[in-house]
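Novice: Next come the chains, spelled out residue by residue.
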Amino acid sequence: MADLKVKQPKGVKLDHISKIYNDPKTGKEFYAVHDVELDITPGSFVTLLGPSGCGKTTTLRMIAGFESPDEGEIYLGGEPINALTPNKRDTAMVFQSYALFPHYNVFDNVAYGLRLRKVPKDEIQRRVTDILALVELSGMEQRMTNQLSGGQQQRVALARALVVEPGVLLFDEPLSNLDAKLRVQMRTEIRRIQQTLGITAVYVTHDQSEAMAISDNIILMKGGVIAQMGSPMEIYYHPNSEFVADFIGECNFLKGKVAGREGGNTVVKLPSGSATVSTDKQFSPGDDAEIVVRPEAIVIGDTGMLPCKVELSCFMGSYQNYHVRVGDTLVKITDNCPVNKKIYGVGDSAFISFDAACAHLL
Amino acid sequence: MAKGQSASLDRRKLFADPVMITTITLLIVFLAVFILYPLAILLVDSVYSNEAGLTARFFSGIFGEGAFAVSFGKALFISLLGVLPALALGLKLAREGNSSRGSSRNGLFKALPVLSLVLPIAAAAVYTDAVFDCRGGIARFLSRAFDGGLLSWILIGLVQVIVLTPLCFRIFDGVMRLAGLKKSGDEEEQKALRKKMLIRAIVLGIVVFLLNLLMIIFLYASVNGKYSFIIAISNTLKVGFLVGFLSAGIGMLFAYVEVYVKVRTKFMAGLFKVVSMLPVVSPPFVLSLSMIMLFGKAGIITRHLLGIYDNNVYGFWGIAIVQTMTFFPVCYMMFRGLLKNIDPSMEEAARDMGASRWKVFTSVTLPLLLPGIGNAFLVTFIESIADFANPMIIGGSYDTLATTIYLQITGAYDKNGACAMAVVLLGITMIMFIVQKYYLERKTAATLTGKASRVRMLIEDKSVTVPLTVLCSMMALFVIIMYICVPFGALFRTWGRDFSLTTRWFEQVFTRYKGFKAFKDSFLLSIIAAPITALLSMIISYLVVKRKFKAKGFIELVSMLAMAVPGTVLGIGYIRGFAGGMFHSGFLQGIYGTGVILVIVFVVRSLPTGTRSGISALRQIDKSIEESAYDMGAGSMKVFTSVTLPLIKDSFLSGLVTAFVRSITAISAIILLVTPSYLLITVQINEFAEKGSYGIACAFATILIAITYGSVLLMNLVIKFFGTSRKMKEVD
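If you read the sequences in order, they're chains A and B.
Just so you know, the first sequence maps onto residues 13 to 374 in my numbering.
Just so you know, the second sequence maps onto residues 2 to 733 in my numbering.
In case anyone wonders, no lab produced these hints; they're calculated from the structure.
Don't take every hint at face value.
As the list claims (entries may be wrong) - Listed next, the in silico DMTMM-like pairs over lysine to aspartate or glutamate satisfying Cα-Cα at most 20 Å (straight line):
{"no.": "1", "chain 1": "B", "residue 1": "Lys360", "chain 2": "A", "residue 2": "Asp120"}
{"no.": "2", "chain 1": "B", "residue 1": "Lys263", "chain 2": "A", "residue 2": "Glu79"}
{"no.": "3", "chain 1": "B", "residue 1": "Lys463", "chain 2": "A", "residue 2": "Glu79"}
{"no.": "4", "chain 1": "A", "residue 1": "Lys321", "chain 2": "A", "residue 2": "Asp360"}
{"no.": "5", "chain 1": "B", "residue 1": "Lys360", "chain 2": "A", "residue 2": "Asp360"}
{"no.": "6", "chain 1": "A", "residue 1": "Lys100", "chain 2": "B", "residue 2": "Asp130"}
The structure displayed is predicted, hence computed values, not measured ones.
Only chain A is shown next, with the shape it has when bound in the complex (with noise of 0.2 Å):
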């Protein structure tokens, strides 16, 4: 196979982006987009995410140029595009419907973007071959959309927009109108061929572990605004606040008051017992504080920091499943690989404990 390797990623730059609407009930305006500040840089896949209607699709369709900014200027390698038309802009868009065309062939389709260039025919030819083959659907070229699966179309639209060796690949939830299993071989697949590449890719989608398994960086948004941005570890690991925790993965939360620090650690007084947590934040005594801590992170057992009482214990395969009452707070637990330890049944009393530098204090 030729090197197929972009000669030259791009970076993209949003500086400080809004975009208002008006809402279609009331005819309020709104910012579907507030104030958005972003640099990606060359190569890196970066995920958008976020519950729907929070300006994701909005954000990925301002940089395609489909929407325009009401405020902020957008960069594409280094230059203002804001008044750049979507055909005149080095990106290019895998949809969630695919948008193939039906009146097409696979071979023709993804030789339009390549046509509209005026390439000559003979590399036309053999840039589409190359690309076919990464995206592994090689002696497909001379059928018709209606007549491949749904992963195929979703194949064939990737390739499409490979094709053209964009400056940034866009991807709209790309994978949600695949089934579950396919949709995590498809994402993989994605993964697999930016690396090959070298592209830099932007990625939205509404589903987090897509969102943990393929992205360098992950931009979680609620209502326009930026929630928090990091690596998929940092955002799972440190959320900044409530919502991010809740959203990316399951979470418990334990309210209580900070007693005062103990070594590199900040004790938290709970109704029912104390905690000890690692935080970077500074806490004085008598601050309201949040536990954050993750349900796989929490031991069950005799002993331990926090007495409970269980509620709920399910063979899950690999892992048992508790929710347990700890003071007034329900807690959910999952204890790897079970098979071993003692289960507790529902009604049984028994202690929670946790690693400070598994939580996280809010």
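Chain A is fixed; fit chain B onto it per the hints.
Specialist: Just chain B now, with coordinates in the frame of chain A:
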């Protein structure tokens, strides 16, 4: 494996359901007696009479004795002279071209595909011109060449070979290319593919041959035949083609502007709404009347504004313009539906990859619409050649098939001749209908299955929006002015001379011309026909969409078939079929000449539109809703009345009003069947417009417009306040 069992079980379930089985039986009987039987009688009467037995003389009568004097053998010979060498040569070239693939092809092979389009089209144009202008030079020259000696035959053969070879090459080339593609498949697959390709090549070859043969025969007939009828055919086709093209074009423009261009002013929205409503409320004659009043000899625009005293609106251009204005709204509605179904992200994808707006239109939007354009063209074409009212008023001496047939039976009392003519007209519309229904409609559905995934970005570029907006509003305004013209025609003392206002035309309508009785009759018959039509079409669509049984295909086909049957043809069929009772046995003779047959004609004529909208309404309802009612113990009747009907209440209501409006404005079939005991408004308008009493005609037409427009407004109000489906849609 007992695959047969499920079918027999389904049948047994059907027979165990008395409501269903009676409904289906009654429906089949109704469709057979009132749609199929009259058409069958036409076919019989065109080749058979009691005195003459089985005979072709009615056809030779209408075409002229000499028309088909040329032996079929001669035409066949001439045709073969061209087609056989062309096929052989095309095959040879295709082989050569395929073996030299890969290495750069030389100029000949690059030129051939282009030639394969250009040459046959050019030849067809020359042919068509010769046929249409059958007393002209080209036609004479060609016919003399056909009758000439060996040398002229060789020449004709050569010309045909030159024209047809590229086409044959293209057929074989395409077949070979397709067959060569699937090299990877296993042996059996390849064999099957090769067989399929061979069959395709043979079929295409035969089609080319038959078309060629038909053209030659038709050319002969036109040169040697009876002038008037050939002229009527060519007139009809000419108008049909032009109107089809214009209507599809204008309709597409309007739809494109509405769906793609940002023109959201109240004024434009209003204009578009009016235009989309016109085809529903437009009575026949109205546009013709105002065309005459605006552009005729005494027309306001021609005479009083421009000072032209001898403008002739009658004839080809008059009919074409009036029909275009009548039919383009139908195309507009069709295109609007299609365009809204195109997934906007498809166009965004093209644009994202660097296509300009124009390129997006030509490479994505237009190809997707292509079958739809063909569809709109054919629908309009059928409507145009079936149209009776407009050519009657504004045709002048320009005869079309529908008017010729009418005159043949009312003027010349030549019933068998009229039957033969009706068969010709029916044949043309039927071919168009079959192409439209079984080829284009399927293709449209195949390319446009996608649902719009998001809201389309409208074009805001001023250089695009302004000219398009201006163009559309001018056309829409023009149409609206045409409609407004009619009431004024009824209020002026003498159009064109004395523009003082008067109510005397309206008074005369009611005092002198039994206006009240005309309205009562029209109204009564239509209001009886409307609920029958609406219910019938809902039942048919329910059966077609939700049920599975053997006769389903028949029911769907026949109820849609009525769309392709011109009113005049149906009228003649009813006269021949029921005047002496069915099969001249006296059975059902009682209905002929009564209101019953008029009501039946109304029902049959509006059944296709009702069924069509019913089908699309029902397709949107999840099958499981009815299945759950069925499951809980409701019978067929109960399911239909308690679940289906309430869910499509809006559609039923609008079907009701559409049927009423269509009935009260119907003319083409009715005018042949109406007896003096019934006065119908449309027939009255026709009579007075023929006489040139435009004041009276306009007064009748004004009241008709008021009734139709009023009932549509009423329907909208009722739907707005009582429609349940709207509320449900909002919840979604």
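Novice: Look at each hint and say if it fits the structure.
Specialist: Against the structure, the hints come out as follows:
For the given pair, B/Lys360 sits about 15 Å from A/Asp120 by alpha-carbon distance, which is consistent with the 20 Å threshold. Between B/Lys263 and A/Glu79 the CA atoms are separated by roughly 15 Å; this keeps the pair inside 20 Å, and the hint holds. Taking the CA atoms of B/Lys463 and A/Glu79, the gap is near 17 Å; set against the 20 Å cutoff, the hint holds. At roughly 6 Å between alpha-carbon atoms, A/Lys321 and A/Asp360 fall within 20 Å of each other, so this suggested pair holds.
A distance of roughly 71 Å separates the Cα atoms of B/Lys360 and A/Asp360; the hinted pair therefore is violated under the 20 Å criterion. Between the alpha carbons of A/Lys100 and B/Asp130 the distance comes to roughly 48 Å, so the proposed pair goes past 20 Å and is violated.
Violated hints, in rising order: 5, 6; the structure is consistent with all others.
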